[in-house]
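Residue numbers (the numbering used here), protein chains in the order written: chain P, 1 to 282; chain Y, 1001 to 1329; chain E, 2001 to 2440.
FYI, nobody ran anything at the bench for these hints, they're computed from the structure. From a predicted model like this one, the values you see are computed outputs, not experimental measurements. Note that CB positions come from ideal geometry on N, CA and C, so glycine has one too.
Here are the simulated DSSO-like pairs of lysine-lysine, each with C-alpha atoms no more than 27 Å apart in a straight line:
id, chain 1, residue 1, chain 2, residue 2
1, E, 2101, P, 138
2, P, 70, E, 2071
3, E, 2434, Y, 1086
4, Y, 1111, E, 2415
5, Y, 1095, E, 2415
6, Y, 1086, E, 2101
7, E, 2297, E, 2063
8, E, 2297, P, 70
9, E, 2382, E, 2063
10, E, 2063, P, 70
Examples of chain Y residues toward chain E, derived with CB under 10 Å:
id, residue
11, 1080
12, 1268
13, 1272
Partial list, computed: chain E residues near chain P (C-beta under 10 Å):
id, residue
14, 2053
15, 2055
16, 2080
17, 2081
18, 2082
19, 2093
20, 2098
21, 2100
22, 2272
23, 2300
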Amino acid sequence: MSADGQGGVAIGASSRWAPWVVGAVAFLWVVPIVGILVSSVRPLDEISIGWWSTGKFTLTLDAWRTVWDKYPLAHAFWVSVKISVISTLIPMLFAPMAAYAFHFLQFRFRRVMLILIINAFVLPSQIVVIPLFVLWRKLGLIDNIWAVIIPFAGLSFAWAVYLVKSYLEDFPRELIEAAQVDGCGPIARFFHIVLPNSLTPIAAVGILQFLWTWNGLLLPIVYLREEVPLTALLARIQGVYDRNWDQVAVAAIVTTVVPLVIFIVFQRYFTAGASMRSGSKE
Amino acid sequence: MSAPRQRAPAAGATGASADSPAAALRANGRRGILAGGKVRTPLGDAPAAWLLLAPLLLLFAISVVYPLLETIRLSFYDIRGLGSPKLVGFANYVKLFEDENFRTALVATLKWTLASTAASVAIGWGLAMLCSLAPDRTLVFRVMIFAAYGVSEAVSGFMWLGIYRADAGLLNTVLGGLGLGAWQNPWLGDPTTALWAVIVAYVWTQVGLPLMTTFASIRAIPRNLFEAAYIDGAKPLSMLRHLVMPLSLPGVRVAIFINLLSSLKAFDLIFVLTSGGPVRSTETVGYFMYRESMQNFKLGYGAASTVILLLGVLLVSVPVIVQRTGSAR
Amino acid sequence: MKKRHGHDARRPGGVRAARSTHRPGALAAVTIAAMIGGTAVAAEGELVMINWLGGAQAEMMAKLQDDFVQKNPDVSFRDIVAQAAGDARGGIRQVILGGEKADLLVNTWPSFREELVDAELLVPLDDIWESEGLDESLSSVWRDLTVVDGRNYGVTYTFGDRSGIWYRPDTFARAGIDGEPQTFDEFKATFEPLREADVTPMAVPAKVWAHAEWFESLLIRTAGVETATRLAAHEIPWTDEAVRTALEKWQELIEAGCCHEPNTMLGLDWDVATDQVLRDGDSGYVLMGMWLNTRAKQEYGEEPGTDFSLMQFPALGMGHDDVSMIDAKELSLLASTRNPEAAAAFMSYMLTADAAAIMADYGLASPSAQADTSVYDPVIEKSVQEVSDARAVQFVLGDLLPGDLGGEYRVQLQKFLQDPSDETIDSVMAALEKVASDAY
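Kindly produce the complete structure, drawing on both the sequences and the hints.
In structure tokens form, the structure reads like this:
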């Protein structure tokens, strides 16, 4: 068996050609991203012909310097971190609780609520803007990050519950039932049995929610003034009649790096959960 | 006991397995082995369930239920910009059904949603399976593809504008260079190609999601199943077909769910690439909703279209959800 | 030189309604206005502006705000940023509907001004005109342009010629064209030499909105500014002969070989079109607003007047050759204002020579009499001249139309470009009339 870390099909059979195929696709896929990188380091007159243009090739950090000088990036970065971290932790904890309740417990309105929650995902976030705007003004929450965190978290349940529930459907019931025999109540069963073995869906929820809240533009722009996150701040780079691609590219790079780091870190938690530890009770 | 504890799912969607005695007992009642009621919480699961659901319900009620009720209420008014709202009952809905643009948008949406979801899930799933054959070596590639999902739709749009530009865009330049000059086209200006061009760009952004969720599913498959198969002499491709594919279905279901419903709402990419044109050929329901609510600011009309979209989705999803959360649970 | 503002004609019942205060809710607004009457006081306190500008325009506004604060150190400026995809009006409405209170608003859409006045969200400025003596800086043309129902609601601080066609002198030289074509026939006659020099005569960016201005310019040249005004107010239907004539003139241009293939036009963005004309020399003419001046200077690094220039829309000889389309930005006072004195002082500042100088840096013209026009580059100068010489001016038609009619209007013009035949003209006019009858 190959020492391949956890799980994976590569036990004993290291595949030679698979990485090449994936690599080929990935290199083709990344072309527009390379475009963004190149656009951020070439002058505007060269990019407007096309970032791939070969005639005149100058490398310059002008766009980077302009963006750094003109925009208070550090503060906005910190605001983004606060908003995204809190908005991500909430569904990471509460969505599994809800999914567990919907999947393993029986109670009235279970199906109706599930239907409502799941279908809410089709609602675009713009329906939230004005009603909550009025509410937040009355509560004095404008320019408070919670004005954004609450809807981010609330809207996330629409898809997060379905996601965790989907992964829970293959959870071995025997484990839960064994705990029930031992006298564990439903909540204890959740915290001791299901939660620790559900790292995979929790990590997936984390990756997606972080990405979406980090990139979220509509709500922060409307609800926040001084406490402006990075994306909202950098959205002002693009004027109505300007096509300053180079600065827009810089903004794109600066904003996209962090969710990608989260992706790399969290995907390590994609593991075989329950059944890996299942041997111990026997 | 050395038999694998994970039950292999049968073809049925509910996952009820057919071969173990415990399962047979389970099929008879909701409480599994203890269906006879040896140990049972006296009040049933309800209190625990509500406790677990409380935080979600609170946040959900504020962030979704309240705005949804507002939206439904608004749909019965005629609101033009900042003018005072006029109660018009179902007039907005009637107008929607008579609105040719809405009907065209529905047709475009059908093509848009089905094509983009099918393509991105198929590609993502296929790539995930290949990646699972060499997880560590393919990490960097997965990041590259997920980056397309991580970049904002607006920025992706700008990049694809450069690709699709008629005179000097990357695509036409490459085609010319390959001697395929005859295939050059103003991709975003030609009403017959515009929608598909935007779909390609959209799929490019979306593949990262199915890739991630299906890969996660595959990684969650217990190791001992692979060990058993390996001992039995299965080759990688065969393991993929018979083991990985069925067991990664949770990830596939999530991917379809998210991609399908996201595509119904999608706006930013279409706006940057074509603004719904040319001659409205790339106007989807998501674009229609955004345009009517946020740009034309006919809040009542836009709200009505949102309600109709929700009803449409409910129509399809309720039977599926009811079936999947059936009495076996 | 009497200039008609034209926009007031929207109100049924004629050109200029008498001053009337019979709107009950307008009492608050009138009271505020009355409070400001009298001598201008020193500005102090916080001044809040709903600011939707981005990019270079935001930069310019920031500089103007800074300069004002320097001159009035007791004032502090605060921006409420409003943003939405496409038209900023959506974002502004969100901010207002959400209950935000602000003093100033930058407005560039006459139809939006009307919408705000109807909703009683703007304060009439006639008293500010008095107290700040704005009449000395802005002629009555500009004052009349921002009147709704007989009262003034905006102080115009910048304007641009939208009847200007941009070109490169060296493209002309290559095609052997001698000087700017003055008449419609001369204009058409330049198409052949341009095509022979491998240049597409007109770059028409029909992707979203920019193609409409060719139609509008033809409309005012064939039927005059008054007709455009009445069309915008739906006092004449879209099936009127005036619309047909304008479209037939465009047909003539297309038949003379003006443009790209329809699909190419439909996929053409305005900035790609301007690149083609002013940077690459692949096309001859583009009809665009004055922000192209900023773009050409900053992005192409070109010299106005020498590398590129501006000519007024050709004359059609139908009696309306001395009219012009314009765009403009104005400052309005919101009914939720808490610091009207400072707002009035800012409006006054925007008409000073210093403010005009900052704007000139960005290639934009000020309508103020205090502006020192010697700092204007040849292109701004020419555009200012054309507008000043015009017998009548009117805003771009697209900005006068209510929301969904504007969208339909642009799409119908796209359909016309796909197939500029007589049948299409009929169906376009009918379709527009159908949407228009519902929209008002």
